[in-house]
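The lines below spell out each chain.
Number of protein chains: 2
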Amino acid sequence: MTESINILLAGSTEISRIPGISAAGSTPDMSMVTPALDVEILMEGKCISMDVPPMTPDGIPTPSLITRACNEINGIEVFPVNAGMGVKPKTYYYETGLKPARDPQKETALADMEKATGAGKHLASIMKEKDRVILSETIPAGTTTALAIVSQFVSEFRTSSSLPDDPNEQKMEIIRNSRKRTGNMSDPIKVLREFGDYMQAIALSFIENSKDQEIILAGGTQMGAVYFMANRLGYDMRNVRLYTTDSVMEHRGKEIEMVVPRERIRHGSIDFQKSIHSGIRKYSTGNVREGAGMGASILLALEKTTKEDVLRKVDDLYSNFL
Amino acid sequence: MTESINILLAGSTEISRIPGISAAGSTPDMSMVTPALDVEILMEGKCISMDVPPMTPDGIPTPSLITRACNEINGIEVFPVNAGMGVKPKTYYYETGLKPARDPQKETALADMEKATGAGKHLASIMKEKDRVILSETIPAGTTTALAIVSQFVSEFRTSSSLPDDPNEQKMEIIRNSRKRTGNMSDPIKVLREFGDYMQAIALSFIENSKDQEIILAGGTQMGAVYFMANRLGYDMRNVRLYTTDSVMEHRGKEIEMVVPRERIRHGSIDFQKSIHSGIRKYSTGNVREGAGMGASILLALEKTTKEDVLRKVDDLYSNFL
Numbered sequence: 009m010t011e012s013i014n015i016l017l018a019g020s021t022e023i024s025r026i027p028g029i030s031a032a033g034s035t036p037d038m039s040m041v042t043p044a045l046d047v048e049i050l051m052e053g054k055c056i057s058m059d060v061p062p063m064t065p066d067g068i069p070t071p072s073l074i075t076r077a078c079n080e081i082n083g084i085e086v087f088p089v090n091a092g093m094g095v096k097p098k099t100y101y102y103e104t105g106l107k108p109a110r111d112p113q114k115e116t117a118l119a120d121m122e123k124a125t126g127a128g129k130h131l132a133s134i135m136k137e138k139d140r141v142i143l144s145e146t147i148p149a150g151t152t153t154a155l156a157i158v159s160q161f162v163s164e165f166r167t168s169s170s171l172p173d174d175p176n177e178q179k180m181e182i183i184r185n186s187r188k189r190t191g192n193m194s195d196p197i198k199v200l201r202e203f204g205d206y207m208q209a210i211a212l213s214f215i216e217n218s219k220d221q222e223i224i225l226a227g228g229t230q231m232g233a234v235y236f237m238a239n240r241l242g243y244d245m246r247n248v249r250l251y252t253t254d255s256v257m258e259h260r261g262k263e264i265e266m267v268v269p270r271e272r273i274r275h276g277s278i279d280f281q282k283s284i285h286s287g288i289r290k291y292s293t294g295n296v297r298e299g300a301g302m303g304a305s306i307l308l309a310l311e312k313t314t315k316e317d318v319l320r321k322v323d324d325l326y327s328n329f330l
Numbered sequence: 009m010t011e012s013i014n015i016l017l018a019g020s021t022e023i024s025r026i027p028g029i030s031a032a033g034s035t036p037d038m039s040m041v042t043p044a045l046d047v048e049i050l051m052e053g054k055c056i057s058m059d060v061p062p063m064t065p066d067g068i069p070t071p072s073l074i075t076r077a078c079n080e081i082n083g084i085e086v087f088p089v090n091a092g093m094g095v096k097p098k099t100y101y102y103e104t105g106l107k108p109a110r111d112p113q114k115e116t117a118l119a120d121m122e123k124a125t126g127a128g129k130h131l132a133s134i135m136k137e138k139d140r141v142i143l144s145e146t147i148p149a150g151t152t153t154a155l156a157i158v159s160q161f162v163s164e165f166r167t168s169s170s171l172p173d174d175p176n177e178q179k180m181e182i183i184r185n186s187r188k189r190t191g192n193m194s195d196p197i198k199v200l201r202e203f204g205d206y207m208q209a210i211a212l213s214f215i216e217n218s219k220d221q222e223i224i225l226a227g228g229t230q231m232g233a234v235y236f237m238a239n240r241l242g243y244d245m246r247n248v249r250l251y252t253t254d255s256v257m258e259h260r261g262k263e264i265e266m267v268v269p270r271e272r273i274r275h276g277s278i279d280f281q282k283s284i285h286s287g288i289r290k291y292s293t294g295n296v297r298e299g300a301g302m303g304a305s306i307l308l309a310l311e312k313t314t315k316e317d318v319l320r321k322v323d324d325l326y327s328n329f330l
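As you go down the protein sequences, you meet chains A and B in turn. Position in the first sequence (from 1) plus 8 gives the number in the working numbering. Position in the second sequence (from 1) plus 8 gives the number in the working numbering.
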C-alpha cells in the first residue's frame, strides 16, 4: 500500500490585505483568517475559530471543503504546517514560529527565511518513510507572490486568481513597486526572500531535502511556481509532479506548461454543476479554481470511487456547514 | 536500517509550582520554563528563550544536555510535542493547544483530555512507518503525577525525584488532598483525567493507536507509570519497552519492576564522574537520574560508540553552554 501524507502549508502574506488582490475571504482583512479556517476544516471537518467557512464575496465556499470531502474518501492524513499564518488554527499543527510574509513593496518579504528552510529540512526528515508526500497550500494572495518570483525569470508568465476579473495589472503594479525597492535580481534564493511567501520557502526546502519519495505539488500556478524555482535551483525533480484541476488548466494551462513539463502534470475535476448547493455549483463557472490541494485530492479520491460519489460526499459535507 | 524518531512530550503541571516538589529549574516558577528550554536544547543544541540551561539549585544541568549529545551520535531525529507547556519554545514543535495540567487538589487536572487523546492518535498515524518510536518526556513534577495515578492501583509504588531528599511524604499529601476532592476512583481513564498530566494522556493514546512498531518508553518512574496504565487499559504491549538509566534502577528498580515486567526493561549509563565539568560529575552522585529520555539516548548512542566517546561529546556540548 502506498503510504501518503498531505502536508498543508498554511500561511499569509500582507499582500492579501490590499483590496482587489484576493477573494479568499469575504473581505481583504478576513483573508488573514482563511488559512486557519482551512486547517480546521481539513483536520476537523468543521470551522472552530468562526461559525462560517471562508467564502468569496460571490458566495463560493473555500476549496478546503472539497479537499476535506475527498480526503474522507482517499483516506490521506493531513499534516498542517504554519507557513506564516496571521491567525492560528484551533487544532493540531506544526508550529514554526513564522509570521505572515511582508509586503515586498515596502520591505524584504521573508525576513525569517532560514526558519522556513529549517522547517522544510526537519519535515523532510520526519516524513522520509512516506512513499508519497502531497504538498498543498492555503495562501491568500499567493498567486501574486507566485507571479512575483517567476516573472523575474519568465516575463510572459501569468497566474490564476480567485477573483472574477483576474487582477493581473494590479499584481504587476505591486511587482513593479517591489522591483523599484530591490533593483535587479537574478539569484533565485534572493528573489524568493525579497518577493516570495513562506509556503514556497518550506516547499522548496522540503524538495531539496527529500529522497526517493514521490512528491505531488498540489495546486495551480502557485505550485507551478514552486516547481519552476526548484528546477531552477537544480534540485532533483525526477519524483516531483504537479496535480491540479481541469479549471486551472483551462484558464492557465499555457502558463503552467511554461514552468512544468507537460508529462509531469495531472489534472481532474468532478461535475460541480450537478451539486445540490448553489455555492458548490459556482465551482463550474466561478473563479475559485484551486486551493488547499483541491485538484490533487479529487484525483486521488477518483482512484477510489466515482465522480458521482465524490460529489455526494462534497454535498453532504457542505450541508453540515449550512 | 531501523528508522527511529524521538517524540519528546514536553509539558507542565501546576504542581511544579508547589515549593519542594521539583528541582527541574532553579526555582519552582522557573520549572514552568524548563520544558521549553529542553525542547530548544534538543532541537537546536542551545537555549534560545534564556541564556542558561535549566539547572537544579544544586547546579546539576538539565538531562536534555546529555540527550542532545547522545542524539548527535545516534542520529535520531527529535519531534517535540506540546503536552501542556506553560511557555512555548522558540523552535519547531507540534502544537496541540494544550495548557499545563491543573493542580488536582483543586480541580480536574486534564480538562482537555480529549485534545491530548486526539493528538496521540494523529501522531500515531503520522509516525506509523517509523520502525521504532521513542516516547520521552520533560514534565517538571511529573513524578508526582506518576505517583498520583499509579498509587490508585498499587499502593506501595514510589517514584523517583530530582531533589536530594525525595519528597515522598509531600507528594502523598498532595495526592491525599486530591483524593478528598474526587472520592474513590477505579476507572484508569478517570484517574488519568483527575490526577494525571498530558504527557501521560498523549503517550497512552499513541500506544493505543500504534501498530507493529517498536515503542520505547524513555524515562524512569514517569514512563513506568505510562507502561502500567497502558497495560491496565488492555493495550497491546508486545512491542513496548522501557529504557532508563542505571541510576533510576538503583534508586527505584524495585518500584519500576512493580509496573513493568523485568524483561521489558533496559538501562545504561556512562562514567559521569570522569567528566571535566563539576555539574556533569554530579550525575554520578546527585539526584537527577532521568529526564528528556536521557537513559534511552545513552543506550542508543552506546550502540554506535564507546562510553568514553559519549562522555567526550557530553563534555564538548556542555562547554559550549558555559
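It is possible that some hints are incorrect.
Any copy will do: because identical chains look the same in the list, a pair fits if it lies in one copy or spans two.
To be verified - Taking lysine-lysine pairs in the DSBU-like style, the calculated list, with each CA pair at most 30 angstroms apart, reads:
hint	residue 1	residue 2
1	Lys107	Lys96
2	Lys262	Lys54
3	Lys188	Lys282
4	Lys312	Lys219
5	Lys96	Lys312
6	Lys262	Lys96
7	Lys114	Lys219
8	Lys123	Lys321
9	Lys321	Lys188
10	Lys98	Lys262
11	Lys315	Lys107
12	Lys312	Lys114
13	Lys198	Lys290
14	Lys219	Lys282
15	Lys290	Lys219
16	Lys136	Lys282
17	Lys312	Lys290
18	Lys114	Lys321
19	Lys198	Lys282
20	Lys290	Lys129
21	Lys98	Lys123
22	Lys129	Lys282
23	Lys290	Lys136
24	Lys54	Lys188
25	Lys198	Lys262
26	Lys290	Lys54
27	Lys262	Lys282
What the hints contain is simulated information worked out from the structure, not anything from laboratory work. In this text, all values refer to a predicted model and were calculated from it rather than measured experimentally.
We went through each hint and held it up to the structure:
1. For the identical chains of this complex, lysine 107 and lysine 96 are neighbours both inside a copy (10 angstroms) and across copies (15 angstroms), given an alpha-carbon limit of 30 angstroms.
2. In this homomeric assembly, lysine 262 and lysine 54 never come within 30 angstroms of each other (Cα to Cα): the closest approach is 36 angstroms inside a single copy and 49 angstroms across copies.
3. With identical chains, the CA atoms of lysine 188 and lysine 282 are never at most 30 angstroms apart, being 48 angstroms at best within one copy and 61 angstroms at best between copies.
4. In this homomeric assembly, lysine 312 and lysine 219 come within 30 angstroms of each other (Cα to Cα) both inside a single copy, at 27 angstroms, and across copies, at 24 angstroms.
5. Taking the shortest Cα distances, lysine 96 and lysine 312 never come within 30 angstroms of each other, neither inside one copy (33 angstroms) nor across copies (41 angstroms).
6. For the identical chains of this complex, lysine 262 and lysine 96 are neighbours neither inside a copy (36 angstroms) nor across copies (46 angstroms), given an alpha-carbon limit of 30 angstroms.
7. When the C-alpha separation of lysine 114 and lysine 219 is checked against a cutoff of 30 angstroms, the pair qualifies neither within a copy, at 37 angstroms, nor between copies, at 51 angstroms.
8. In this assembly of identical chains, lysine 123 and lysine 321 lie within 30 angstroms of each other by CA distance solely across copies; the values are 26 angstroms between and 38 angstroms within a copy.
9. In this assembly of identical chains, lysine 321 and lysine 188 lie within 30 angstroms of each other by CA distance neither inside one copy nor across copies; the values are 48 angstroms within and 50 angstroms between.
10. Within a single copy, lysine 98 and lysine 262 get their C-alpha atoms no closer than 39 angstroms, and across copies no closer than 43 angstroms, so neither meets the 30 angstroms cut-off.
11. With identical chains, the CA atoms of lysine 315 and lysine 107 are never at most 30 angstroms apart, being 38 angstroms at best within one copy and 43 angstroms at best between copies.
12. For a Cα distance limit of 30 angstroms, the shortest separation of lysine 312 from lysine 114 qualifies neither inside one copy, at 48 angstroms, nor across copies, at 51 angstroms.
13. In this homomeric assembly, lysine 198 and lysine 290 never come within 30 angstroms of each other (Cα to Cα): the closest approach is 39 angstroms inside a single copy and 49 angstroms across copies.
14. With identical chains, the CA atoms of lysine 219 and lysine 282 are never at most 30 angstroms apart, being 41 angstroms at best within one copy and 41 angstroms at best between copies.
15. With identical chains, the CA atoms of lysine 290 and lysine 219 are never at most 30 angstroms apart, being 40 angstroms at best within one copy and 43 angstroms at best between copies.
16. In this assembly of identical chains, the alpha carbons of lysine 136 and lysine 282 never lie at most 30 angstroms apart, being 40 angstroms within a copy and 38 angstroms across copies at closest.
17. Only within a single protomer do lysine 312 and lysine 290 lie at most 30 angstroms apart by alpha-carbon distance; the minimum there is 25 angstroms, versus 60 angstroms between protomers.
18. Taking CA atoms no more than 30 angstroms apart as the test, lysine 114 paired with lysine 321 passes in neither setting, with 44 angstroms inside one copy and 46 angstroms between copies.
19. Neither within a single protomer nor between protomers do lysine 198 and lysine 282 lie at most 30 angstroms apart by alpha-carbon distance, with minima of 46 angstroms and 49 angstroms respectively.
20. Within a single copy, lysine 290 and lysine 129 get their C-alpha atoms no closer than 39 angstroms, and across copies no closer than 36 angstroms, so neither meets the 30 angstroms cut-off.
21. Taking CA atoms no more than 30 angstroms apart as the test, lysine 98 paired with lysine 123 passes in both settings, with 23 angstroms inside one copy and 10 angstroms between copies.
22. Taking identical chains as interchangeable, the C-alpha atoms of lysine 129 and lysine 282 are never at most 30 angstroms apart, the minima being 43 angstroms within one chain and 36 angstroms between chains.
23. Taking the closest pair of Cα atoms, lysine 290 and lysine 136 never come within 30 angstroms of each other, the shortest separation being 39 angstroms inside a single copy and 39 angstroms across copies.
24. In the homo-oligomer, the alpha carbons of lysine 54 and lysine 188 never lie at most 30 angstroms apart, since the shortest distance is 43 angstroms inside one protomer and 40 angstroms across protomers.
25. For the identical chains of this complex, lysine 198 and lysine 262 are intra-copy neighbours only, at 27 angstroms inside a copy versus 60 angstroms across copies, given an alpha-carbon limit of 30 angstroms.
26. Taking identical chains as interchangeable, the C-alpha atoms of lysine 290 and lysine 54 lie at most 30 angstroms apart only when both belong to the same chain, with a minimum of 21 angstroms there against 52 angstroms between chains.
27. Taking the shortest alpha-carbon separations for lysine 262 and lysine 282, only the intra-copy value of 28 angstroms comes in at or below 30 angstroms, while the best inter-copy value is 68 angstroms.
Of the numbered hints listed earlier, those contradicted by the structure are 2, 3, 5, 6, 7, 9, 10, 11, 12, 13, 14, 15, 16, 18, 19, 20, 22, 23 and 24.
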